[in-house]
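Q: Add chain B to chain S, keeping to what the hints say.
Number of protein chains: 2
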Amino acid sequence: MRIAEVHIHNLAIADPPIRSSYGLHQPYALRSILELKSDDGVTGIAETYGGEAPAAALEALKPRLIGANPFRLTGSLMDLIGGEGSGDARSQTMLVPGENPLDANPRTYSAVETACLDLIGKTLNVPLCDVLGTRVRDAVPFSAYPFYKHAGGGGEGDDKREDEYGEALTPEGLVAQVRQMIATYGFKDIKFKTGVLDPDIEIETVRQLAREFRMPVRMDPNSAWTVETSIRVGRELREELGAHTGGYLEDPTATIDGMAAVRRGLLAEGIDVPLASNVAVTCFADLPEAFAKNAVQIVLCDHHYWGGMRQVMQLAKICQVWGVGLSMHSNSHLGVSMMAMAHVAAATPHLTYACDTHYPWSQAKDEVVLGGRVPIVDGVIRIPERGGLGVELDYDQVARGRERYAKCPYRKRDDTAEMRKHVDPTWERLLPRW
Amino acid sequence: MRIAEVHIHNLAIADPPIRSSYGLHQPYALRSILELKSDDGVTGIAETYGGEAPAAALEALKPRLIGANPFRLTGSLMDLIGGEGSGDARSQTMLVPGENPLDANPRTYSAVETACLDLIGKTLNVPLCDVLGTRVRDAVPFSAYPFYKHAGGGGEGDDKREDEYGEALTPEGLVAQVRQMIATYGFKDIKFKTGVLDPDIEIETVRQLAREFRMPVRMDPNSAWTVETSIRVGRELREELGAHTGGYLEDPTATIDGMAAVRRGLLAEGIDVPLASNVAVTCFADLPEAFAKNAVQIVLCDHHYWGGMRQVMQLAKICQVWGVGLSMHSNSHLGVSMMAMAHVAAATPHLTYACDTHYPWSQAKDEVVLGGRVPIVDGVIRIPERGGLGVELDYDQVARGRERYAKCPYRKRDDTAEMRKHVDPTWERLLPRW
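Protein chains in written order, with numbering that gives the first Met the number 0: chain S, 0 to 433; chain B, 0 to 433.
Simulated from the structure, these hints should not be mistaken for laboratory data. Glycine is no exception: its CB is placed at the ideal position from the N, C-alpha and C atoms. No false leads were mixed into what you were given.
Footprint (simulated), chain S over chain B, 3 or more residues, beta carbon under 8 Å:
1) 70-78
2) 131-145
3) 276-289
4) 306-314
5) 317-324
Just chain S, same shape as in the assembly (with noise of 0.2 Å):
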């Protein structure tokens, strides 16, 4: 079996105005998919990042595609995940998953691990999860994943979106999304995006949310905060964040050195709310320092930064020798990328959390899975019993995704400019903010 062709397709889908410390999401995400297609007819597949930098990182990578065996390819191309400028460099705080460019080459080698093992996986009828060999769960479970939010469903023009979700920028509104978010895919979690209003406000949010569902509730201001911040806001929810509820802190403040501080402030006072991060730590080479400051008690993966699936595996390992907790990290996706982190979840013994997830953000006009959008039942994805990720192309749908990314004006992430467009003219990122 050798690889006979390589499409690269750039997306745009539509993304409705969610809040962040980042700033607000433009009317549209990004989304790239990469399809290697074996001289047996077999189309693997895979979704990333989008916009003109992976796309254009995937397509100068081709020679090196072209002709390749996939069994081999991705012990052929481990150089980008190791060594010199390949992902051992350190974290960054400032910018958003997907453009930092010291985890470019990571990134490109997981897309096409992905597409590699969906398209053995394909071609063997074996599902994914078991072509790496340690499945270990048929059903893996998500969060509801709540943010403030401006009025408007995304898209812009004639392509503007129904707005699903309305306006929710108070308790109450959260309390309403959250409410509506479990009544359609069956959630027990609930990680909830803050970092964005006065953390009195998001203090009251999360109680609310805490006192209604009664159900483990996890806040990630992205480093929004102060250490002193930090440790008043884990005083406050205590209960509803600690450990003993399921609950964490993500990254409430930024760099390790205060996240360390912060969980020893908490400790001091006999306060056991663990501390999450996928922005102090986004990279092996953070782990030995992490850890040894006791800067982090649960590391958020993603496939698609962290150099792929079998990295990822291998991260799940070093938390658990280390007594560190895993869970999975999301950004704005569809289908392709929800299936891969179904399969990689379900291949990954030590993961300790319901894993997060963008899918509800996204909706039907933009899947470009075949049939129509993944199903998230009782909370959980389901493994299908298909061979690779168990979904397909719809071409119509890819190319209506290019039609858009071509006609928007997009072409990178940058929720400043939106929040400068929509919200506040001098808004600028401040870490911290409060």
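A: Leaving out everything else, chain B in the frame of chain S:
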């Protein structure tokens, strides 16, 4: 594809009277071969530690093997390598590898995993290292593995073997042994088993080996020394074993704290002789403490007892991330283990030294691989362009190995008993001895 038949073969192979701090090798080493035969008529094989206990553990697992899908089986057995009583217990220093009850389950898992990967590879005609998916080398380097040795070639009665290497109990004897081994196999590194004679004789032996062969020399006394003796040997052999030469000192003394004290003592004198280990560190649970204390600079993996090939690849990633070297430990073995070691090494990017192998100490008469012994040429094993491990069983030879096992009195490895029988009836293993 389903597993239709499971066969376990207990073999005895002639083993020459070689010495270590554990004592003296018995005339036969014991090995087990596992066969998993699919309903398509393809057979996957693995070799592991022999004798009664490993075979009984595999036998007890049969109900979970028969009828299983080999792509799913390794996932469904993950309980053997995670959680309580499954290799997460800590290391011990008194028992020889393969006799440590703390890693019984990981050893059982490893045999099943190797046989599944071989079965998958043979079914698909894909080399095993490409089933693992991260092949980074086509040729795997191994080291010469000289031992202090009494006269004799192993075997008993009519089954006595020719003494290929002769007695070697002096520096000159060891030089002659290594010369012969290098002439036959082309090794480019020397791993020297010590802890047998007075340290001054062993120091002189290392000096003569280094002077004569001008290649990296590694010295392994298996915990025979005090911290003080270890530091003295490191000091005297700083030029022969130093990091700048590619050498190391392996398990000079027992326990993580002992190793850490040796490292501190050497560094305090400005001596960079790195310490390797497969005694102080034998399982994942040892790593955080060992790294935090800087007790080991090289971990010696072994897929047989670390829980299999994928676990060894995860160990290698851990070592890479923490800046620790990785090489491979060995025990008396046949060609099936030889190829398994070569494949996992081929698929492990972070392999920083030539691997150990006892293969020169076994003979063609005992080999169970069809076509005879695995070739080591210029010190490397090349990955064959064949499916799975690339070797098949010679069933006549398996039958002879079973006959030898039935006839011989040995049911577990006991180097102390042999030492008492042939060298000193009062011999006890002393840690430390010097």
